[in-house]
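Based on the hints, put chain B in the right spot on chain A.
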Amino acid sequence: MTELRGSSGDASHHVLTRWFGTPDLHRLETYASKAGGYTALRKAMLDMAPADITNEVKTSGLRGRGGAGFATGIKWSFINRDAPGPKYVVVNADESEPGTAKDRYILENSPHMVVEGILIAAYAVGANQAWVYIRGEYDRPYQMLTEAIEEARAKGYIGPKPFGKDYPLDIRLYRGHGAYICGEETALLESLEGKRAQPRSRPPFPAVKGAWGRPTLLNNVETLATVPAILNMGGAEYAKLGTAKSPGTRLLTVSGNVRKPGVYEVELGKTFRHVIMELAGGPPEGRKVKVFWPGGSSAPVLPESMLDTTTDMEALAAARSMGGSGGVIVMDDTHCVVKAAHRLLKFYAYESCGKCTPCRVGGDWAVRTYERILAGQGSQVELDILQRVSDGLQNGRCLCGLGDSAGWVIDGTLRHFREEYEDHALRHECNVGKVAAHA
Amino acid sequence: MPDINLTIDGHKISVPAGTLIVEAAKTVGIEIPVFCYHHKLDPVGACRLCLVDFSPGPPRPQTACTTPVSEGMVVRTQSAMAVQARADILEFELANHPLDCPVCDKGGECPLQDFTFRHGYPTSRIDGPRLHFKKPIPLSEKIALDRERCVLCYRCTRYYDEVAWEQELTTDQRGVQSYITSQFDQPLQSIFSGNIIDLCPVGALTSRVWRFESRPWDMTSTATICSRCAVGCSVTQWQRRGQLVRVTSHENDDIDEGWICDRGRFDYTDVNDPLRLRTPSIGGTRSTWAAAVNAVASGIKGKGAKLGVSLPQDITNEEAFLFRRLLDGPLKGAKVKMHGRTAIPAPAGDTMRIREIDDARVIVVVASDLENDVPIIDLRVKKAVSKRGAKLIVVYPDGVDFDRNPSTVHIRNAKGQAAAEVRKLASHDLLKSPGGFVAILFGDGHGSEDMDELASACGDLAGKVGGKEMPLYRATNERGALTAGVAGWDSLDGVEALLSWGPPPTAGVPASVKFIAAWDHLPRAGYENAVVFPAATFAERQGSYTNVEGTVQFLRPPVALRQPLMEGWQVLCELGTALGLPLDYAGIFPIQRELGIQAPEPGPAPTPVLVGPAHP
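Protein chains in written order, with our numbering: chain A, 13 to 451; chain B, 256 to 871.
Okay, chain A solo, but in the shape it has when bound (with noise of 0.2 angstroms):
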């Protein structure tokens, strides 16, 4: 297994990442000792009010970085801390975006990191039980992820009196079953209850009526990773790296056709070819990069004139993309965006979890449209098709948005390489570089 490199030019941005490496980071001592590790917990839980914490995470203008961006501290703020019975934190380590791989990175370095993270949320807004709902695919990350919540548990950070303070915590695991749809948000609760998962109508949201109709906050991995950091540095600090809209950095990841692929450490802001060209080695000799996926295989893709894009989710929106979960697939001039583009419907339609019927049945009807056009028995018809495929998933049509995903891909690809689509679907050929286009 290559081991997943990190690492980002300049010391003093690597916010997350500044202790990877350290040899047994992942044993809690070590954590405690060399990085610093649960003095913000401790902080939190005996230095300052819980509104105080939430407010911290609001003036770091942190965003989530599973894949929506939604601002964190507001999704904090969304839980009625005083309302009567339970609340809940849900982790989203259900991380299977295609291109990412930034959310086993961190529980494989430091799961520490999360678990502070975590038990600092539950603490801000009233809740006493986490779950971590962690893909049943992620064996090591599941089991480093165990052996530090037992280690903290033995230190008593989760227990009935965390700090001496009367505010029991605790966190349990969930495994997933191998579903990409577990990682939206309500299908994650529904499966988390043991019920089929497909999402559920919004609203209500989950900080109304989550798991178990109970308050829930609903976070990412990397995002509760951050946040011991934002208590240490302080809110402000932390938003004084990135750009006004997207303070901080966050954990690219970078694959496909590149010297060096890894999980990157990057300030928002720097441009996708600082991250592709420089960071990641850029694509083999000979080659040149043509497109690329910015935010997971569900983000609208950019051609190679679009590289100077920043990182940033609002230059990634103006841009008609967007951030997403920072997986950047990179894919160089050797191969077909069409196939491509074929077989991420492939994955889309497998994946669907068939509640809604735009999703349900376009993106199968999308995927044999493609065949037909591949197979060499394409033509306008076809075009249209996969176009009114593309508008049918879009724009509040599909129930989540794996639906939308699907119409992204389609349509990123239609409008950036309309010609080559046309050799394929109505000139029946296929003019990929040099080399003969394979399989």
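Just to be clear, a hint being listed does not mean it is correct.
The following label-pair restraints were derived from C-beta to C-beta distances [as the list claims (entries may be wrong)]:
hint: 1; chain 1: B; residue 1: Lys642; chain 2: A; residue 2: Arg165; range: 34 to 44 angstroms
hint: 2; chain 1: B; residue 1: Pro271; chain 2: A; residue 2: Asp94; range: 23 to 33 angstroms
hint: 3; chain 1: A; residue 1: Pro180; chain 2: B; residue 2: Arg659; range: 26 to 36 angstroms
hint: 4; chain 1: A; residue 1: Asn140; chain 2: B; residue 2: Gly284; range: 47 to 57 angstroms
hint: 5; chain 1: A; residue 1: Pro216; chain 2: B; residue 2: Pro600; range: 46 to 56 angstroms
hint: 6; chain 1: A; residue 1: Asn140; chain 2: B; residue 2: Arg659; range: 29 to 39 angstroms
hint: 7; chain 1: B; residue 1: Val283; chain 2: A; residue 2: Pro315; range: 42 to 52 angstroms
hint: 8; chain 1: B; residue 1: Asn660; chain 2: A; residue 2: Arg93; range: 26 to 36 angstroms
hint: 9; chain 1: A; residue 1: Lys173; chain 2: B; residue 2: Ala675; range: 48 to 58 angstroms
hint: 10; chain 1: A; residue 1: Pro180; chain 2: B; residue 2: Asn660; range: 24 to 34 angstroms
hint: 11; chain 1: B; residue 1: Gly284; chain 2: A; residue 2: Pro216; range: 29 to 39 angstroms
hint: 12; chain 1: B; residue 1: Glu364; chain 2: A; residue 2: Asn443; range: 49 to 59 angstroms
hint: 13; chain 1: A; residue 1: Lys173; chain 2: B; residue 2: Lys295; range: 46 to 56 angstroms
Covered stretches of chain B, as calculated for chain A (at least 3 residues, CB under 8 angstroms) [claimed, not checked]:
hint: 14; segment: 302 to 311
hint: 15; segment: 314 to 325
The calculated BS3-like cross-link candidates involving lysine-lysine, where the alpha carbons are at most 27 angstroms apart (straight line), are [stated by the list, open to error]:
hint: 16; chain 1: B; residue 1: Lys642; chain 2: A; residue 2: Lys221
hint: 17; chain 1: B; residue 1: Lys646; chain 2: A; residue 2: Lys221
hint: 18; chain 1: B; residue 1: Lys719; chain 2: B; residue 2: Lys670
hint: 19; chain 1: B; residue 1: Lys389; chain 2: A; residue 2: Lys358
Think of the hints as simulated: they come from the structure by calculation, not from any bench.
Glycine is no exception: its CB is placed at the ideal position from the N, C-alpha and C atoms.
This is chain B only, laid out in the frame that chain A set:
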């Protein structure tokens, strides 16, 4: 809360707070097509067909079935965004839908057909192969499933889960490969399974009893009352060429809320049985009504206690009234046994209404397995528990379907000890401060309980905890027969003459019987030498029943009575006259007037839902 004012397609309307946009639109006759939405099920927003455009709101269409109205909202169902979204969704629905209309039983009453015609694209661009499944699959003896036609609206599985509390119907696989299936491919067992046929918006779930029977436009339908048990659900009975071809539900929110059980839905085929008795006969030889009536009269007259009468469970109020007159007169002293009745005595006064179960805070069910005794009341109790927060206590020796909910308190009494357990309930935690009234439903434990004791225990409990009682009569018109005083409970042993009205006595014909008058709609073994009156079935006769809660409801027969059949009240008049008691009524209305009951005026017609423009 005050009503909400909003505008839908230019119409200004005012509706109660919490109304969903879909329902608000109906009040002005605007159709927003839906598949997964059903007004009796929790909304899910799964099919996406009801997408509408409203402001204030996001710049994207939203589902009308999950969005409640808000003050000042402006809803547009005909904007380009909404119209196109609807047509897109319909196109997706049709992409894998088989071209089965010519052979599909739903054709003619199919929302998919209607919505496509009214809201879909006029031309199709679907030319690829469609998804195939093995079809049709028998889900049970009565229900067929066609997975290719299924639009995965999940109404059937949600109904099963939410309303019936059963788990035998589920969805398997994921995405476009999803299909509906029964657990472990076993046939459906639930007595409530048939409702999924009414719920299914396409021809995926169809009745095997009615398969290929008729097109909807070839049938006439009548809203009437089911004759199978004391609940008296409203049903629609469909007629074609003098046959009763189908029974479907008809919504009456006071009693059944649009659900019927499988007995009412599927047990009707004997109405069309070719072996049905159509003419009177004496000892196997065809005869006239006059001769047969005289033969019966001389066979049963003056027998006193040597005459046994077996009454049908669905004797109407009018028939019971006339029969009472016979019992008081020429048939005085006869032994009478009514089919299917419980051991519960006549009610002392007014009893609880079925719709009041909705508001009970605690429901106590004693000595009855509701699911089999009074099925639709079982569903009403389930609704009160799962959707209205009522608590449930069951006192019954065996397991019941309510046990599926872990918060049900089930006290398993020894048979015959129900009254003792009820007496202990006054000090139960749940009844200490119920926060509202307590509904007490009690049956007769199928004969295992002492009813006087049990009725008294339930009455005392009601007094102590602020409760209302519902004695659970079971026979269709048990309550009406009790009021008329004909709901007999006597043993028929030792009688010499038997008037067997309805099906033969459950205990069999006593050996001492020398003369049998059989009044039934089918020939029965052992009645070959009897004098036979052919009976009109429930589908052909007028009359009224008093249901379990005391409501008098009127039958409307869908099938015309074929000569020489006579309705029950007519036969009783003839028989009375032959016995020396002149009963002379010109029709059923004079009898009802004497009884002091009258069929209600039909209510105001509902707002018709208008059709939108044909094409986007």
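Taking the hints in turn, this is what the structure says about them:
Separated by about 40 angstroms at the C-beta atoms, lysine 642/B and arginine 165/A satisfy the suggested range of 34 to 44 angstroms. Restraint check, proline 271/B to aspartate 94/A: a C-beta distance of roughly 30 angstroms satisfies the suggested window 23 to 33 angstroms. The hinted range of 26 to 36 angstroms is satisfied by proline 180/A and arginine 659/B, whose Cβ atoms lie roughly 33 angstroms apart. The hinted window of 47 to 57 angstroms between asparagine 140/A and glycine 284/B holds, with their beta carbons roughly 52 angstroms apart.
In this structure the supplied range 46 to 56 angstroms holds for proline 216/A paired with proline 600/B, their Cβ-Cβ distance being about 50 angstroms. At roughly 30 angstroms, the beta-carbon separation of asparagine 140/A and arginine 659/B lies within the given 29 to 39 angstroms, and the hint holds. The hinted window of 42 to 52 angstroms between valine 283/B and proline 315/A holds, with their beta carbons roughly 50 angstroms apart. A C-beta distance of roughly 32 angstroms is found between asparagine 660/B and arginine 93/A, which places it inside the suggested range of 26 to 36 angstroms.
Judged by the Cβ atoms, the range 48 to 58 angstroms given for lysine 173/A and alanine 675/B holds: they are separated by roughly 49 angstroms. Between proline 180/A and asparagine 660/B the beta carbon distance is about 30 angstroms. The supplied range of 24 to 34 angstroms therefore holds. Under the hint 29 to 39 angstroms, the C-beta atoms of glycine 284/B and proline 216/A, about 31 angstroms apart, fit the expected range. The hinted window of 49 to 59 angstroms between glutamate 364/B and asparagine 443/A holds, with their beta carbons roughly 54 angstroms apart.
For lysine 173/A and lysine 295/B, the hinted distance range of 46 to 56 angstroms is satisfied, since their beta carbons lie about 49 angstroms from each other. Counting residues of the segment 302 to 311 of chain B whose beta carbon lies closer than 8 angstroms to any beta carbon of chain A gives 4, which meets the minimum of three for the stated coverage. Counting residues of the segment 314 to 325 of chain B whose beta carbon lies closer than 8 angstroms to any beta carbon of chain A gives 5, which reaches the threshold of three, so the coverage claim holds. For the proposed pair lysine 642/B and lysine 221/A, the alpha carbon gap of about 16 angstroms is at most 27 angstroms, so the pair holds.
For a cut-off of 27 angstroms, the pair hint linking lysine 646/B to lysine 221/A stands: about 22 angstroms separates their Cα positions. A hinted pair counts as satisfied when its Cα atoms are at most 27 angstroms apart, and lysine 719/B with lysine 670/B qualifies at roughly 25 angstroms. Distance restraint check for lysine 389/B and lysine 358/A: the Cα-Cα separation of roughly 24 angstroms lies within the 27 angstroms cut-off, and the hinted pair is therefore satisfied.
No hint from the list above goes unmet by this structure.
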